Amino acid sequence: MSHSLAGILLTWYALDDPNSPELDDLAGKFQLHSLHIEDCRSNNERLKAEGAENYLFLILKYIQAVQDGDISFGNLFLFVGKEFLITIRDPNCESSEVLQRAVKAGGEEKPAKLLYLIMDSIVDSYFVSIDHSDDRIDDLQDSVLDRPSPETLESLFDQKRKLIELRRVLVNLRDACMSLQRESGAILDPELYPFFRDVYDHSLRLLDSVETLRDLLNNTFDVYLSSVANRTNQVMKVLTVLSTVALPALVISGIYGMNLKGLPFLESDHGTEIVVGAMVASTGVVLWMLKQFDWL
Amino acid sequence: MSHSLAGILLTWYALDDPNSPELDDLAGKFQLHSLHIEDCRSNNERLKAEGAENYLFLILKYIQAVQDGDISFGNLFLFVGKEFLITIRDPNCESSEVLQRAVKAGGEEKPAKLLYLIMDSIVDSYFVSIDHSDDRIDDLQDSVLDRPSPETLESLFDQKRKLIELRRVLVNLRDACMSLQRESGAILDPELYPFFRDVYDHSLRLLDSVETLRDLLNNTFDVYLSSVANRTNQVMKVLTVLSTVALPALVISGIYGMNLKGLPFLESDHGTEIVVGAMVASTGVVLWMLKQFDWL
Amino acid sequence: MSHSLAGILLTWYALDDPNSPELDDLAGKFQLHSLHIEDCRSNNERLKAEGAENYLFLILKYIQAVQDGDISFGNLFLFVGKEFLITIRDPNCESSEVLQRAVKAGGEEKPAKLLYLIMDSIVDSYFVSIDHSDDRIDDLQDSVLDRPSPETLESLFDQKRKLIELRRVLVNLRDACMSLQRESGAILDPELYPFFRDVYDHSLRLLDSVETLRDLLNNTFDVYLSSVANRTNQVMKVLTVLSTVALPALVISGIYGMNLKGLPFLESDHGTEIVVGAMVASTGVVLWMLKQFDWL
Amino acid sequence: MSHSLAGILLTWYALDDPNSPELDDLAGKFQLHSLHIEDCRSNNERLKAEGAENYLFLILKYIQAVQDGDISFGNLFLFVGKEFLITIRDPNCESSEVLQRAVKAGGEEKPAKLLYLIMDSIVDSYFVSIDHSDDRIDDLQDSVLDRPSPETLESLFDQKRKLIELRRVLVNLRDACMSLQRESGAILDPELYPFFRDVYDHSLRLLDSVETLRDLLNNTFDVYLSSVANRTNQVMKVLTVLSTVALPALVISGIYGMNLKGLPFLESDHGTEIVVGAMVASTGVVLWMLKQFDWL
Amino acid sequence: MSHSLAGILLTWYALDDPNSPELDDLAGKFQLHSLHIEDCRSNNERLKAEGAENYLFLILKYIQAVQDGDISFGNLFLFVGKEFLITIRDPNCESSEVLQRAVKAGGEEKPAKLLYLIMDSIVDSYFVSIDHSDDRIDDLQDSVLDRPSPETLESLFDQKRKLIELRRVLVNLRDACMSLQRESGAILDPELYPFFRDVYDHSLRLLDSVETLRDLLNNTFDVYLSSVANRTNQVMKVLTVLSTVALPALVISGIYGMNLKGLPFLESDHGTEIVVGAMVASTGVVLWMLKQFDWL
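Taken in order, these protein sequences are the chains called D, H, P, F and U.
This note's numbering puts the first sequence at residues 3 to 298.
This note's numbering puts the second sequence at residues 3 to 298.
This note's numbering puts the third sequence at residues 3 to 298.
This note's numbering puts the fourth sequence at residues 3 to 298.
This note's numbering puts the fifth sequence at residues 3 to 298.
If you are wondering where the hints come from, they were derived from the structure by calculation, not from laboratory data.
Check before you lean on any hint, since a few could be wrong.
If several chains are the same, the list does not tell them apart, and a pair holds so long as it fits within one copy or across any two.
To be verified - Simulated crosslink set (SDA-like; lysine to any residue; CA at most 25 Å straight-line):
no. : residue 1 : residue 2
1   : K239      : Q294
2   : K106      : H38
3   : K112      : N221
4   : K293      : S151
5   : K293      : D148
6   : K115      : N45
7   : K84       : L37
No experiment lies behind these values; they were computed from the predicted model shown.
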């Protein structure tokens with residue numbers, strides 16, 4: 003891929019692997035700082051933008067694949083000079099989509115404009131991811147109110163984890179955009195400022211949306227908890243009503259089951275009717291009391 | 003609508019559709035930045051205010067309709083120059099109410115004053131929406147204390163969602179007002195400053211109110227949860243008292259139902275009275291113990 | 003009241019009604035900004051302090067009456083010039099207490115010093131209100147630990163609502179004090195600075211106290227919730243112990259109530275003693291197991 | 003005490019009572035601001051540090067006595083000039099410990115150095131109090147995990163209240179230290195700066211510790227709540243297992259207690275063995291189902 | 003150890019004990035501030051970085067040993083001058099790992115570069131600790147969803163305590179890095195700035211990770227609580243269904259156990275079949291009602 007891209011623009015070096023010796027050559031040629039080369043090669047760096055003497059160094063993170071409740075980020079390292087652009091992608095990540103728009107415009111634009119195109123593509127991919135989350139959370143809210151189950155709970159927390167992850171990247175994106183505006187020095191032409199400010203604005207809006215989604219998720223979790231509490235309450239009521247219905251009958255039948263003398267109606271022909279009637283009546287009285295005194 | 007409004011003031015261009023070619027003509031005529039035109043045409047932009055070289059660009063959001071527990075916002079895009087005003091409304095939203103005051107004053111005022119009148123109308127519509135929420139929350143608080151039900155829970159969270167939405171718009175409004183004061187450059191006359199500061203003050207007060215409403219809603223949710231916990235506790239007590247009343251009778255009647263010899267009072271004529279008396283007495287003792295030792 | 007006060011100091015205009023035409027006369031005479039006049043006449047404005055060209059405009063809120071769990075605020079509008087003072091009170095609020103100290107000093111002091119006296123009186127009234135809340139919260143904490151009831155819950159949330167309200171006013175008071183120090187321009191003599199700084203300090207301390215009270219209230223609510231959880235747990239234990247005591251007896255008496263042949267001790271003269279002894283023993287064993295394995 | 007201390011250093015005035023007329027004399031002599039004198043005499047002031055023209059005014063709060071779960075603060079008022087030091091202590095508080103180190107160094111040091119010694123002693127007393135809290139919280143955490151009781155809950159919230167109190171004082175101490183560094187003007191020699199910065203650093207560390215303790219307390223409270231929830235769950239399980247064991251036996255013995263014809267095994271000599279065997283078997287089946295389908 | 007290290011670089015003084023008199027000698031020789039010497043000798047100081055006239059003073063904290071759910075920190079005190087480096091380690095802590103990289107580079111580098119190497123090693127040890135926490139939290143999340151037990155709860159809170167501790171140290175590290183950049187004065191060459199900025203960046207990323215882990219832990223705790231609530235709900239349902247199954251049978255068999263006349267089917271040969279059929283039927287009806295009306 004490096005070569006085909008290099009064909010489009012003489013000064014665009016698109017590396018596929020931060021560990022390739024080509025990067026060392028470029029570091030020598032363009033006086034790239036050794037710490038930046040280390041950053042490219044170490045794993046797990048923060049998204050950031052730093053101005054060096056004659057270039058800007060950026061670590062960007064793009065969303066690679068959105069699976070249910072989980073996202074994974076790919077790293078893209080950029081050195082943006084006045085006359086050159088070096089892009090280095092994670093060897094085990096696809097990055098073509100994010101670079102596509104820049105590749106199309108590649109031959110005719112300055113490195114800084116290409117940087118804008120790449121950042122704008124990345125920001126767009128975040129919007130897609132957030133829309134996706136939004137839909138999922140809507141579904142979850144419906145299912146929580148209908149029937150709270152441990153499975154919905156699990157996907158609820160998967161979404162939460164995803165948002166925590168996304169928020170962290172976006173905060174860094176926002177800070178990087180801010181420091182780009184401050185430190186860009188000679189690399190960014192003033193006429194490009196509104197474009198980078200636009201990216202900054204979009205990162206703010208993304209953060210906004212993530213916060214809103216987090217609030218909605220917390221709402222959904224609260225609804226979940228109160229639904230479970232409600233249902234326990236409901237189950238307890240059913241148990242209590244069942245007991246209320248059964249207990250008077252059990253007590254009375256227990257009494258008439260005793261081998262004692264002198265129980266009333268024992269010898270009466272209507273004994274059964276009278277005693278069963280008494281059971282029904284006492285059950286009715288207890289139910290009426292529960293209702294009357296608002297005990298349930 | 004564009005034409006009738008244009009009739010009132012020669013330099014007010016009131017477009018009904020951001021996608022109309024008229025906007026491109028105006029963009030050419032007044033040197034509007036391509037990113038701002040894009041903003042008008044893209045969906046889902048943040049409320050904001052930006053100063054360009056010779057005009058101010060604003061995206062405003064007005065409340066279109068307040069339905070129970072849900073609000074929807076319409077976008078209004080404005081280009082405010084020294085000598086011209088371009089307003090572009092969402093094609094599928096009514097915006098006449100928000101523009102009414104400006105239309106009335108249209109022929110005689112400067113664009114910046116018209117901008118103030120429009121912003122003031124929008125802020126007023128927010129106050130109406132907040133008063134509406136306030137009433138709803140009062141109702142909810144009453145119904146939660148009387149009888150907590152899943153339905154009240156649902157409208158509680160609808161209100162919460164609404165406030166999350168509103169808060170987000172208001173934070174942006176506040177920031178836009180602040181950047182208006184900073185970036186207005188040559189567009190706003192100093193004598194208009196107090197007016198825009200007034201809008202800023204109102205946006206602060208609106209945010210204040212939203213925060214207070216959020217606090218109150220959280221209170222209401224806490225009351226809900228504790229009411230459910232209380233009720234479960236209450237139901238458990240009823241069940242326990244019922245069991246307490248029934249169990250001694252059941253045990254004693256069970257014993258006297260056994261086919262064994264040697265049970266006391268079996269042959270006594272007052273057996274029934276004595277045994278039933280024992281049931282009542284033991285039930286009384288258990289109830290007295292529950293009360294005495296504060297077990298319930 | 004306007005006239006009697008006006009008699010004390012020629013340049014103090016004490017109006018009882020913001021809608022009186024007198025205010026318009028004064029606005030003309032002292033060049034008061036139309037937005038400030040509007041503020042006086044509109045309802046529901048935020049407490050604030052603003053510096054205009056030749057006067058300070060303040061909206062103050064004083065506590066009118068402290069009823070159990072609820073407070074209501076009265077508005078006081080002030081225009082403080084170098085040589086004049088205009089105070090306008092809510093027509094349906096008593097404000098004499100707040101103005102008393104200023105009235106006493108009225109003839110001899112400058113408008114800015116009178117402003118200080120009024121603000122100091124208002125701040126004092128807040129202290130009284132907070133002390134009142136403090137006592138109420140102490141009572142609530144005691145009653146929550148003794149016996150958590152829905153009534154204590156309700157007054158708990160009433161106190162919370164009151165503090166939310168008070169906090170909001172105090173935040174604005176603090177900001178107003180701060181902007182007074184910044185914008186007072188020619189109106190406040192430097193020798194008055196320590197006095198206004200004192201008011202600012204008091205507003206900080208009040209906010210401090212409100213935060214502490216809020217923390218204490220949240221504590222109290224947490225105690226409430228855990229008390230209810232504890233009591234439910236307690237009730238469950240009682241129910242379980244009751245069942246434990248009764249079930250073995252019920253099972254054994256049930257078995258001996260069956261019309262079957264071959265039950266042991268059926269014919270024994272000590273059958274009853276043996277079987278009842280077995281009941282007591284098995285109940286004892288179950289209770290011992292509950293205790294031994296820490297199941298309750 | 004005033005006199006003995008005054009003996010050590012001619013210009014150290016150590017008053018025991020802010021209401022003594024001596025303070026008025028000193029106010030006249032050293033031109034102390036009337037608001038500062040008021041502060042000394044009013045109750046309930048915030049800890050603070052203020053620079054006046056020719057002296058520093060400080061209100062310090064030292065811990066008087068640490069009782070279980072409660073602390074009380076004593077006030078110490080200081081006027082620190084270039085050549086004089088006035089210390090005024092709460093009449094009903096012991097303050098000797100806090101002043102001891104300063105008294106020892108008294109004759110040889112400047113007022114500002116004495117101020118440092120006093121502040122350092124006060125900060126040390128806070129460290130003791132925090133260590134004390136730390137131990138208590140450790141104990142509470144152990145007892146909550148072992149056996150959550152309302153008593154541990156109560157001391158948990160006592161600790162929380164204590165930390166709220168302490169945090170409030172420490173925030174003010176930090177702010178006072180900061181304003182000392184800013185406003186000390188001519189009173190503090192530059193060579194004393196590192197010493198006051200040290201006090202500031204210690205106040206930061208104390209706040210740090212209070213925050214950590216608060217986090218730990220909140221943890222402990224969460225453990226408490228989940229322990230209670232766990233125990234309720236446990237009690238419910240015991241009750242359910244008890245019912246499971248008893249109910250099949252009760253149903254079967256109930257059936258065999260009916261006065262009906264045609265029950266199987268009624269006449270069998272092994273009827274009892276068969277029926278009791280059926281009871282045990284059905285109980286076993288239900289228990290096996292509970293376990294098998296993970297219903298408990 | 004002091005001597006062997008001293009052998010590598012003439013001006014590196016590596017002390018093993020802050021209480022050794024050697025430190026006093028060095029303090030005299032290099033004019034170290036007495037407060038810094040005190041800091042070295044006192045226990046329990048905050049991690050910090052301070053610039054003195056001719057040196058930088060740092061207190062660093064490195065992770066000594068990571069045991070399950072608990073970490074302990076060792077202190078390292080550094081005086082970094084233009085031409086000398088003094089490192090003082092806690093006498094009862096191993097610190098060799100942290101110093102290793104600096105020892106290797108020792109002979110050839112400036113003190114400030116050695117400081118960077120030490121700080122970088124310390125930061126690396128934090129990353130290891132955080133990865134360790136990450137794995138533990140993943141395990142906990144799995145076990146909470148599978149089977150919430152008090153033991154998982156306990157390790158959950160152990161992890162929380164650990165993160166509270168770590169966060170506190172990292173906040174101080176970040177602040178120390180920031181003040182290093184500000185106050186380093188003549189000690190740090192400008193070409194070292196990117197290196198210290200790198201350490202600062204890493205401390206930010208570490209804080210980021212700790213925040214994310216805390217969020218995840220809180221999630222896990224919420225899952226725990228809702229799992230327990232779910233299980234209690236589940237247990238209640240089982241109990242209610244058991245009661246539902248048993249109660250109709252008990253009531254009917256109780257009725258047929260009474261010694262009354264006139265019960266239907268008493269004399270019928272199919273009495274048993276009919277009555278037991280009625281038991282099964284009524285149980286079925288109650289179960290159907292529970293299901294039909296969504297009572298469980």
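Now for the hints, and whether the structure bears them out:
1. For the identical chains of this complex, K239 and Q294 are neighbours both inside a copy (15 Å) and across copies (16 Å), given an alpha-carbon limit of 25 Å.
2. With identical chains, the CA atoms of K106 and H38 are at most 25 Å apart between copies only, with a shortest distance of 23 Å across copies and 28 Å within one.
3. When the C-alpha separation of K112 and N221 is checked against a cutoff of 25 Å, the pair qualifies neither within a copy, at 47 Å, nor between copies, at 46 Å.
4. For the identical chains of this complex, K293 and S151 are inter-copy neighbours only, at 17 Å across copies versus 31 Å inside a copy, given an alpha-carbon limit of 25 Å.
5. Within a single copy, K293 and D148 get their C-alpha atoms only as close as 27 Å, which misses the 25 Å cut-off; across copies the closest is 15 Å, which meets it.
6. In the homo-oligomer, the alpha carbons of K115 and N45 lie at most 25 Å apart only across protomers (24 Å), although the nearest pairing inside one protomer, at 27 Å, exceeds that limit.
7. In this assembly of identical chains, K84 and L37 lie within 25 Å of each other by CA distance both inside one copy and across copies; the values are 21 Å within and 24 Å between.
Checked against the numbered hints listed earlier, the structure breaks hint 3 alone; every other hint is satisfied.
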